[in-house]
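*Asks:* Based on the hints, put chain B in the right spot on chain A.
The listed protein sequences derive, respectively, from chains A and B.
Just so it is clear: in the first sequence, position 108 is 108 by the numbering used here, and no numbers are missing.
Just so it is clear: in the second sequence, position 73 is 73 by the numbering used here, and no numbers are missing.
Honestly, the hints are just simulated from the structure, not real lab data.
Derived list of chain A stretches under chain B, where covered just means 3 residues or more per stretch with a C-beta under 8 angstroms from a C-beta of chain B:
#1 97–106
#2 110–116
#3 153–163
A partial selection of chain B residues facing chain A, derived with a Cβ cut-off under 8 angstroms:
#4 T58
#5 P59
#6 A68
#7 G71
#8 L75
#9 Q95
#10 L103
#11 R104
#12 F105
#13 F107
#14 G108
#15 S112
#16 G144
#17 N168
We put the beta carbon where it would ideally sit given N, CA and C, even for glycine.
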Amino acid sequence: MKITKKLAKNLLQQMVLIRAFEEQADKSYIEGKVHGTIHVSIGQEASSVGSICTLNPDDYILSTHRGHGHSLAKGADPKLMMAELYGKEIGYCRGRGGSMHIADIAGGNLGANGVVGGGNPMAVGVGIALKMKKKSQVVICFFGDGAFANGAFHESMQLAVLFNIPVIFICENNQYAMSFPTGDSKTSEQLAESGDHYGMPGVAVDGNDVLAVRKTVQKAVHRARNGDGPSLVITNTYRRRAHSRSDRDTYRKKKEIEEWEKRDPINLFQKYVSEEGLLTSEEMDEIKQQAYSTIENSRKFADEAAEPALETIEDGVYA
Amino acid sequence: MTSREIRYLEAVREAMIQEMERDETVFLIGEDIGAYGGAFQVTHGMLDIFGPERILDTPITEMGIAGAAVGAALLGMRPIAEIMFMDFVTLASEQLVNQAAKLRFMFGGNASVPMVLRTPAGSGVGGSAQHSQSLENWFVHIPGLKVVMPSSPYDAKGLLIAAIRDNNPVVYVEHKLLYKTRGHVPEGPYTISLGSADVKREGRDLTIVATSIMVNRSLDAAEQLAGEGIELEVIDPRTLKPLDTETIIQSVKKTGRLLIVHEAARTGGFGGELSAEIAESEAFGYLDSPIVRLAGRDIPIPYNRNLERHAVPQVDDIIDIARDLVKVKI
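Looking at chain A on its own, in the form it has when it is part of the complex (with noise of 0.2 angstroms):
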């Protein structure tokens, strides 16, 4: 079924503005106004934009390192995001958590979570609330390839089952833990069949296609919402740069980027909107630097804003 022209730039719209955003995350990076790291998500805008157009505003997302396409696609303010990679008072999170740690509790953003599989656990526990509270609202949790192999991954997903929790466990299969190749021994068909153990469908699905990753997720967003328990995704998709900015990227072949580099979730779309007819070439264009400008502004946003005082060093410990 053809999608409307309205959700073909919106989609759009996000995907390019993610990509924007990250790109002057490495440049931010690369000039030293961002210190630490940064895990970028590009290439992997599909996944974030694909599952999160599927939600409500009051929904909730718990998300992982990887994260700032989570938020943005949650609808966070990008100069606020910027400013909290900057470090900067006027941040999300009052330059106290960085680039791994950004959330936004009033806008459903429960968190980035710099520990694989941090996420999980505190899911089920979000499902108990939301059941609790007898409200309509899911939580979706990502969670990347890496953290299957983790206990936390595990014991999520039993009690999600026991206790029948709106949770949508989203899985972003970029086939690399960090250097440890998830790919060569599981592909994503056989990690969604982890569902079945544990109870719950699980289903890989293409994560370039953003188009897949809603039609999939938005099915178990209605499980979810319905009372029906949890669900488990597989997103296959790809990191295009290193783990991090401290990652050497020396496990990968050149010829395996370059292959999914044709794969490019936004061309991809971008092509198949030009095939439907839904946007012109000027559109998307426009669509492109509007995104572009966006994030210059937060950039600058991000440049002038003031430092925390050192006097609120203690701040936030306790409530």
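*Replies:* Chain B in isolation, oriented as in the chain A frame:
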């Protein structure tokens, strides 16, 4: 409010029941806490009162239990997670230390995690090394957590109600040997502020600061030494973090001597922390003898009954050290 004698484990249970009746956001999650009533029978009968919707029985999944508590707390619930033996808090630590303790700070103050993690610690039941530890000082060390260790039924109920109402993650450490001890407990709900120490016995010759079951043993020791004309002041901090240093400082200024007694192993235990706090305070100038710690030996808890007894301070050990300490003059 009328009071009557009940057991420590009943006081813990009563705190939870009364809070759950008052506040529908409070719920329990843990292993065997439902129909089984809890490994130490603390939650006996609660499933019948509140049903499986609020008494969540789980498989053996400590990280899952702790994480579920964190997630629910983020959404404004007040979960009470039970970890069956404090030794297994190691498995829950990821969620307690990296998540619960840090989310509020990392999110710039825009979140809170109002959960309680209850767990029985301590030796003396032949549990051996993996079922007998006292790990409270690990959590005293983590910014963002509060740590409470009640020694009596009265304190247990008031502190637990306060912990449940506190908007921070609280580690609430019970002691297996205390569960059946009896004491006067008011029937209705009441709170004891976290961060308030209690002078359990007044005395002029020596200040003992003791935690958990060592409070009881110190009071026994004090009874016996009173017969020898030695008057011990016994202080129970009740909350290890935040610590009521002021009460302890005033006591040490009065007696001039400090003996710290805890079950946890000496090295890296709470005694070291407290010694430094007092040494850095105005009480330092009032000391007539060095600060002394009487603590568990630096060994895993042995199985053999006699060895197990001698692995941690007993009443006689407290008497011997206190008696010698009051004679020391520097």
